[in-house]
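Got chain P sorted already, so can you dock chain E onto it with the hints?
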Amino acid sequence: MPANAFNGFTDYGIGIGLRVPHYQHILSKKPAVGWFEIISENFMCDGGRPLKVLDQILEQYRVVQHGVSMYFGSSEKLNREHLKKLKRLVKRTNTPWLSDHLCWGSVDGRYTHDLLPMPYTFAAAKVTAQRIREARDFLEVPICVENVSSYAEFHVSEMTEWEFLNEVVERADCGILLDVNNIYVSSKNHSFNPFDYVNGIPAHRVAQIHIAGHSKFEKYILDTHDHPVIDPVWKLYERAIQRAGKTATLLEWDDRIPSFDEVHDEALKAGKFLKQLENEIASA
Amino acid sequence: MKSPARNPQTKGEFRQLQKLMATAVMRSLARDDSMQRKWIDGRPAKKIAESFIKPNDRLTSFERLEIYNRQYWFRVRDCFYADYPGLRAILGDKKFERLTDAYLAKFPSQSYTLRNLGSRLVKFIEAEPRWVSPHKQLALDLARLEWAHTEAFDNEARPPLKTEDLAGLDAAKIRLKLQPHLTLLKLENEVDNFLIQLKKNSGLRGEASNAMEQNHRKKKTKVARGLKRRTNFLAVHRHDDLIYYKWLEPGQFRLLSALQKGVTLQKACEELVGLKIPGNLGETIQEWFQSWAALGWFCGLKQSK
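Just so you know, the protein sequences line up as chains P and E, in that order. In terms of this note's numbering, the first sequence has 180 at position 180, counting the first letter as 1, and numbering is strictly consecutive. In terms of this note's numbering, the second sequence has 160 at position 160, counting the first letter as 1, and numbering is strictly consecutive.
Okay, chain P solo, but in the shape it has when bound (with noise of 0.2 Å):
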C-alpha cells in the first residue's frame, strides 16, 4: 500500500533527514534526494535564514514536516499558538501528511524538551486521540504518531506498546509513522520481541518508516541517531515493508553527522529491501 489516506495518497520513496551541515552541499550540488523531512520547530520561525534556506529547498525537493514538541500525549489542552505557527507552515511546504510523536513532554507550561513515555492506559489512548483529532482538524493535514524510543515504563499501564499505539490511531483514525529503531531500541530496554511489535500494529495505517542508529550502553539502549542503521533494525524494516507495503521511508542522523554522501548513501541501503519486496510481490 504506497500511497494512502495517511500519506495523503502520495508515493514517496526514500529519503532523509535535512540537516544544517548538509545545506551548503544540497543548495550548491542539487543531489537527486526522493525527498526530504524537515524538523517542524526548526522552521517555525518568523523569518531569517531557515526559512531561506526552506524557501530553496522546496523549489527543487518535496518535503514532509516532522514535529518534535507537540506532545499528543500530553494531558494538557493543545497550545493555539504553537498550532497557528505550525499551519503557516504547513501552508509553506505543502506537507502531504504531518508526524509527531506519540508521547508527551510539557506539564503546566513547562517544557522538557524530552520525548517522555506514556502509560499505556484507556485513559491516556482517549485523551490522546482526543488531541490528534483537534490539531487535525485544525490543520487539515493528515497526521501520523511515531512511536518513540523509551527507557522506562509505567505500572500503571494496561497494554503493551503496541496495543496503546493501536488503540490511539483506531480512536483518532490516524496514520502511523513507524520507527522500526525504535522498536529495536525499546524492545531491548524493556525485553519484549521486536517482531511482535511489527506484527501487531494495524498496517493499513502505516504511512511512513523511520530508520535509524543508536548507542549501546551496558544496561540499556540509547536513541542517539549517530550511527549506521543495524542489521537487525534492517531485518525489522524488512518485515515492516512485507507487511504494510513499499512505504515512505526515511533515515534520521542527528548526531555526528557524517558527509552528506555517507548519510545519503546509509538511506539508499532500504532500496535493495524495497526492491526485494517489488520482485516478490511480481512474482507471486
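Hints in this document: simulated from the structure, not taken from any laboratory. Glycine included, each C-beta is placed from N, C-alpha and C at the ideal position. Honestly, I wouldn't trust all of these hints.
To be verified - What follows is a list of derived Cβ distance ranges for each label pair:
#1 E:PRO180 with P:GLU280: 35 to 45 Å
#2 P:GLN24 with E:GLY282: 43 to 53 Å
#3 P:ARG133 with E:ALA82: 33 to 43 Å
#4 E:LYS261 with P:MET159: 53 to 63 Å
#5 P:HIS25 with E:GLN36: 12 to 22 Å
#6 E:PRO55 with P:ARG110: 19 to 29 Å
#7 E:LYS199 with P:GLN24: 14 to 24 Å
#8 P:HIS155 with E:LYS177: 51 to 61 Å
Chain E alone, transformed into the frame defined by chain P:
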C-alpha cells in the same frame, strides 16, 4: 506531591502522573550529575521512583527515571553552551554550568522551542548576580549581546520603509516602527569584538531533533582576560540573512531607543537635547535617518491625527 493512583482511569489521574514525572525529570542533578537521592520533601527519591516506574532485570526504577533526568539536563545545557559561548568563556565551564542549572531550575523552558531558552537570562542575572560574581556587568553585557544574536537570527523582517516614505511627514505626529530583528544595546565592556573573535571558531546552535543527547565532553574554554571597560552603543541586526553589529553614537542610540519605545519622532529627537552633536543638528539627523532607512530598519509608521 501525592503518588499517582495505580490505575489511572481519569484524565486527572493521568495528569497527576505526568506532573510527578515532569518534576522528577526537570529536577536539578546532584553534583556528580546523578539523580538526587532525596525527593523534594526529604523522602528517598528511590521510593518515589518505585511508586510509578517499573524496574527491569538490569535497572532499578530509580535508574530508569534517572536516564530521563540526566538527558533533560544534558540537552538544555548543550543548548546553552551553543547559545552563550561568550558568557561561558568569561565565567569558565564550572561557573557557567552552575549559572545554567540555577537559571533553568528557576526559569524552565516555557516554549516549544529551545531557541527561547535564554529569554529570561538577563532578568535572572540582574536578580541573582551571585551566580556570575565578580563579573556581573560583564556577564550582563554578554547575556544581552548573545540574546540579541538569537533575536537577530530568526525574528521577522518586515517590508522596510524607503527614505522617501519619511519625507514631508509631521514629526510631532508620526511614530516609526523598528524591525523586530533589531536590538539596541548599551554595553559597559568591549564584549562585541570579543564575541566576534570567539564566534569565528564556533558552530551554530544545535537544531531540534528527536535524538537523545549524549553527555558531550565539554570543550575547554579560556577565561577572557584583559577585556576593556568601555561604554559603547550597538545595534545588532540582520541584513541578507547575516547578523551584523553597527556601532552607534550616543545620540543615535538615544534617538533609536526612544523610537523603539513608541514615542513620536519629535519626542525622540528631543532626547538629543544636551548632547554634543557635531555639525548642523538637522542635517546630521537627516543623514542618520537616511543611513538607517538604507539598512531597512524602519518597517512601519503610525500617524496620529
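Results of checking the hints against the structure:
no.	hint	in the structure
1	E:PRO180 with P:GLU280: 35 to 45 Å	violated, 56 Å
2	P:GLN24 with E:GLY282: 43 to 53 Å	holds, 47 Å
3	P:ARG133 with E:ALA82: 33 to 43 Å	holds, 37 Å
4	E:LYS261 with P:MET159: 53 to 63 Å	holds, 58 Å
5	P:HIS25 with E:GLN36: 12 to 22 Å	violated, 44 Å
6	E:PRO55 with P:ARG110: 19 to 29 Å	holds, 27 Å
7	E:LYS199 with P:GLN24: 14 to 24 Å	holds, 18 Å
8	P:HIS155 with E:LYS177: 51 to 61 Å	holds, 56 Å
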